[in-house]
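Undergrad: Given the sequences, and given the hints that come with them, work out the whole structure.
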Amino acid sequence: MNKVTSKLLNLLKACLIPTALYLVLLILIPDRVGNLDSILSMLSLAVVPTIVAYGVHFGFVSGIMDFSVGSRMVLSGMCACLGGYYGGVVGMIAAALVSSLLLSAIVGGLFAGLKIPSIVISFGSLMVFEIGAVYLVRWCGQALPDISTGQYIKAPENLLFLGARPWNFIILALIAVLFDVANRKTKIATQARVVGSDELIARNIGIKPMRVKFSTYVLGSVFLALASIQSACYSSAVGYSQLMTSASMVFRPMMAVIIGISMAGLVRHSVGIFLGSLCLSVMFTGIIALGWPDSLQNIFLGVFLTAVLALPTVQRFLADAKRRRAAKKHFAGLAAGTK
Amino acid sequence: MKKLLSVLLALSMLLCLLAGCGGNQSNSGNSPNAGGQSDGGGQNDQGGGPSQSDKTYRLGVLSLGSLTTAFQAATLSLQDMCDTAGVELVQVELAGYDDQGFLTTYENMINMGVDGVIAYTFSEGTIRLLADLFEENDVDWFLANRQISDPDLKEYVFSKSNFVGNCYCTEEQMAYNIVQQLNADYGVKNLAVIGLTQGDLNGDLRDQGIASACSDLGVTLLTETRGISTVGDVSNAVEGIISSYPEVDGIFIVGGSITTGALAGANQSLTNHNLSDKVAIGMIDIAAGMSEFMGEGKPLKIVAGGNLVMDYIFAGASMINHFSGVNTDKTPYVVNTNMLYIYTPEDAADYDAYCENTEKPLMSGDKWYDTLLGKDLADIQAFSDEFSIAQAKSLNQ
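Heads up: the protein sequence lines correspond to chains A and B, in order. First residue of the first sequence: 1, per the working numbering; consecutive thereafter. First residue of the second sequence: 340, per the working numbering; consecutive thereafter.
None of these hints come from the bench; they were simulated from the model. Being a predicted model, the structure only gives us computed values, none of them experimental. Nothing false has been slipped in among the hints.
Label pairs and their calculated CB-CB ranges:
no., chain 1, residue 1, chain 2, residue 2, range
1, B, Gln430, A, Ala105, 34 to 44 Å
2, B, Asp705, A, Ile116, 49 to 59 Å
3, A, Asp320, B, Gly557, 50 to 60 Å
4, A, Leu144, B, Ser551, 41 to 51 Å
5, B, Gly452, A, Leu243, 28 to 38 Å
6, B, Glu474, A, Ala20, 57 to 67 Å
Some chain A residues close to chain B (C-beta under 8 Å, calculated; not the full set):
no., residue
7, Ser41
8, Gly150
9, Gly239
10, Ser248
The following residues of chain B were derived to be distant from chain A, with all beta-carbon distances above 12 Å:
no., residue
11, Leu415
12, Asp489
13, Tyr525
14, Leu556
15, Lys732
All residues carry an ideal CB built from backbone N, CA and C; glycine is no exception.
TA: As structure tokens, this is what we get:
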């Protein structure tokens, strides 16, 4: 079997999970999900979480738990909208990038400088950024009433196409390539993996873990900026979140990252993360299409989340069992040979 | 040496005791009641101002202005009413958005020496504890914007001597009315619901109203989705709904905090699928920018809300009247408030300008006495029943 065929086969294997989920839905509710529009919707719903997951990935593999991602996205999305009004696409991208880099550098800097656990820093920053977003929107509501209602900032109408099909798919493909390059070719990504797997070893080989972790915040912020643009153009507005609700924006991307990492043996992280996000999107649409009450939806999502989080442990357990069986067989063979 | 120390200690303790007692006396003696009275424009002559003692009545209220503009508008009007009546309004920041946070905040208010509290809580679970807390500390209280659904709890709360009253909107009925109007006026037969998280007292009542209306009117309740926190979540939910249910012709956004930008997200998803004029949206709770999504060819057809502002105003008026001795038989006030219905962009603009204006109170000065202060329950209820956007406009002039 040549390399290309093997890769294709692996890709097909990786695609089995979302396909299987979709098939289950197709059997249960063929008239609701058995149409092109439904499939395209599922793909569309996976776009923003995938890009966010790309941004979360670098920190996650280096051992950072960051729940401030949502609040940073909200703020940079707002800046992106404002930038879009004054500078078109370029202004939008520039504003999103600058704000996202700045906010990420603040969080990363606090984390690296104060040596406080990332989860604590993330919640602290989240609260500050959420209030920052409230004040920004309210200020815009008074100073720029044409583009803000005081509760949300509208995305420029001439740029909304960026969030609609087929542009969102094209942008996702480009960002996936960018992520793939960053993940495979950059020193930060490699060092992040080393730090995440064993910080002591990393330190012994001359890597400075805190510096690497700070860099993952910065590198991830580029993708978060792009995700905030996509999200703003998809929804046509960016509203503020309160009561730490923006923390929930990272749950799905984090699950996608875990699924993506579990599929690392089959496909590249960029593809694995997209497939993970697609699985969740299929489930989300499926749950709505099934018309389940909210309580049942929560039970199902809770079970699925636990299953996803248990996936690496199960994989390790299966690999260990396989190794033990092989060793047992090997020693049994040796013993038989000796006799 | 020991004797000297013990004498000094005893003396200092005595001094502290005397200073403490002396401070109390001087505080009550110098209480700035007159400040409020002079601002009030002779309210006592009109029978509504606080007159039971020389001490300024201190009314505690939660400060939730950062949550929604409705709270800001409500507190602004309340402040104006209190200024008029010579009552000191004590605003205390909420300590947390869970039950413990609410309890802590009310404990803080009591520690700050309030005489009465306008209480508000998300869930019914804390109401019994609140009743006990206020009774133990002999603080009058009024439950605003929350209907007690448990009859036993209601009986318990209403039996408390320092419970001044309760005002609430019949959330269930309001939700029912919206489904009814969507069905009758816009032909909605297949409805999807974007709801509040379960456990929210008002949200649960609204859900009951929707279910009941769907059952009575033959409207199919296709699906529900909850836990919405961002504009993107709403877009995703609507995208999911319209792709799975091509027959959907109505969406009910149940409201609460999810309405911050919810309409923009829902509208965009409908626009992407060219369904803006085919799917009618009904919503509870006011959202900024409503007018943009209303009108010919736009999806937003009905919005109901505004009761939160009125609940706070009625609660404040009832507390002041109670203190002023208007409610002589001490029967708890029960005020039913109504939501205001908004159907057109003009209604929405008027609502924003006159009912939920964060810069200008609903009314001011003697108008409070003309309408609510010094009035008995029947008058307050009559005002509530007749209240409309047009009336707010006339009061606001």
